[in-house]
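Enquirer: Residues per chain are reported as follows:
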Amino acid sequence: MRKYISRQNLNTLIDKLIAEGRRIVAPRMTAGTPLYEPLGHSGEMIIDQLPRRSAKEAFFPLCEEIMSYEKSGQQVKLTDVDPSRFPETILFAVRPCDAAAIPVLDAVFSWDYKDEFFLERRRKTTVVGLACTTADDACFCTAVGLSPSDTKGSDLFLSPLEGGGYNVESFTEKGEALINSCSDLFAEESNAAYIQLANPQTEAFDLKKVKSWLDEHFEDQLWDGIATRCVGCGACAFVCPACHCFDIVDEGTEKAGKRRKNWDACGFWKFTHHASGHNPRDLQPKRYRNRIMHKFKYYDDKFGQTLCTGCGRCVRICPVGIDIAAIVEEINQK
Amino acid sequence: MNSQLIDTSIYADISRFIRDESLRILLEGEVIAVVGYAAGRRKGSVQPIIACDTESAGRLMFSQASVNNLAVYLTKAKKEIPKSGKIGIVLKGCDLKALVGLIGESQLKREDLYLIGVPCSGVLASTVHPATELATETIAPKCLECDAHLPTGCDFVPDVALPPQQKSDLKYAVEIARLEALTPAERWAYWKEQFSKCIKCYACRQVCPFCFCEQCLCDRNKPQMVETTPRPAGNTAWHIVRAMHLAGRCAGCAECERVCPMDIPLNLLNRKMAKELKELFDYEPGFEVNDKGPLASFTDKDDQSFIK
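So the sequences go chain by chain: A and B. If you use the working numbering, the first sequence corresponds to residues 1 to 334, in order. If you use the working numbering, the second sequence corresponds to residues 1001 to 1308, in order.
Chain A on its own, in the form it takes in the complex (with noise of 0.2 Å):
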């Protein structure tokens, strides 16, 4: 299905279904940071600047309650966190790199474990992508087979036009929910022409190319070479939209606490430290190894996708300044 729909009317779509209790998650300044949050209105949104953090977190909080407890004399009594209460949510705006890593985080969770946080969380979000007019030299979506216009990953799918206004694309049953309920506010597909989309000039890695080499060279002079100067914080995989590891604590006191899932990074010195005190990524070069394997090569084995959509926040963000684009043109010049 295609539609157009003007920017106020945009506004009065989300401020509507705000009215209705909807819940909806887009990019807005939270203490002087671009995030993705709940929106109280829609002049809160901000389209013009790629958030910090990925939507991910929209499916895989950075945080979240898994089960509590609490111990009364010889009793203990459970306590599940229901994943049907988890509410509806819509999220605009979604930048096509964040989208994009959507499905590729769906084959992790409903794979041999079906994770019902992740996965009930999934089916009750509508996602609304939004093309991209802002690539700085951090982007590298184009180099990694996606494009400032790629819809995978959006339900709907937001392209700007000249003068204001966005055409709109629907891909999949909860897109053609999201017009029907409010069709009095979508036109029908505009001509006018659209605004210049972003363009990031890296050329295009050869996947399978880079692959072949990770495949034969898990030992090799390069990961000293790049990663001795890591310094192991988890700010990459943080703010990465797929990269997707977790920590599974329980936190309270001997009478009640709560057990929690939290992120996790390869980067961290304690990511493989094992009981026994054996460390079997003991420097930071094989820990930063591994970040690099598993986007380009074990989540290919595993899942046949590439688990990097080239949105660049780890680029922007490293404070030593890692660039995995440099490191994977490295890989696929040799």
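For the record, the hints were derived by calculation from the structure and aren't laboratory data. Please note: incorrect hints may appear among the correct ones.
With the Cβ distance kept under 8 Å, some of the chain B side facing chain A (calculated, not the full set) [to be verified]:
hint: 1; residue: Lys1043
hint: 2; residue: Gln1194
hint: 3; residue: Thr1228
hint: 4; residue: Thr1229
hint: 5; residue: Glu1284
Fair warning: this is a prediction, and the values are worked out from it, not measured in the lab. Glycine residues also receive a C-beta, built at the ideal position from the N, C-alpha and C atoms.
With chain A's structure known, arrange chain B on it following the hints.
Expert: Relative to chain A, chain B alone:
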């Protein structure tokens, strides 16, 4: 205030001096490696490198994007860096203060190091692209309060004439005064909102030269000392632990604030603690090696008014 360009013309000469000196000390076997800066892929970007050969030493440079405090690579927390011989390191004045602090805390020995000091007019703020020109609006806030443009006590300092430094608004001093004027409830609301953004990536800890604990208190789980979850209680606890542990030690390199992916103004906490230390003990970290910081020693001149 209008933005004014800051003269960085000496940085090209400094780059040449750093390369020549690094090549010399590597070739003569004086050091086994030089920790310095090299250009990255993105225009203007700079990243730390550990140069062990002439090829990589030939890439050493310095520019307004040379933001990192490289002293972090010398601590025992960084096991990847060879420690089997003397190490050369490129340092700005602010970085050198941290290194001096590490020597004072018996973490480093001066004789194991070859210090290449950089006469510095300032580096870029974390909020701007690395290819940006240095100006009063794009400079890192710490540089506006810098008293260490010219490092002292180094083995080598490029022979360049440092241009006169421009005076500008002191952003930290102004912001600390603003926060001090708030009521405790307002101040709490401010920090609560800032800490709510924390994602516990620990970038602040990992880049800090003084966070050299081999196992951070916050990584312990037998027993757990601080909630690891990125929720208000755990986030606040972490940032208070961090600020307190750095009091009297932090030399103001502001790396914690620069690297925070969530823009939490962490250096405000450090500067506030430094202000308290200055008022209570007339102490400031500098270029002089002190075996005992003010919070690790007692003299009868210490303020005792808190004893009622």
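Enquirer: Look at each hint and say if it fits the structure.
Expert: Now for the hints, and whether the structure bears them out:
1. The criterion of a C-beta within 8 Å of any C-beta in chain A is met by Lys1043 of chain B, whose closest approach is roughly 6 Å, and the hint holds.
2. For the restraint placing Gln1194 of chain B at the interface with chain A, the shortest Cβ-Cβ distance is roughly 6 Å, inside the 8 Å limit, so the hint holds.
3. Interface restraint check: Thr1228 of chain B against chain A, minimum CB-CB distance 6 Å, threshold 8 Å, status holds.
4. A cut of 8 Å between beta carbons decides the hint on Thr1229 of chain B: the least distance to chain A is about 5 Å, and the hint holds.
5. Taking 8 Å as the C-beta contact cut-off toward chain A, the hint placing Glu1284 of chain B at the interface is violated, the least distance being around 26 Å.
When each numbered hint is compared with the structure, a violation occurs for hint 5 only.
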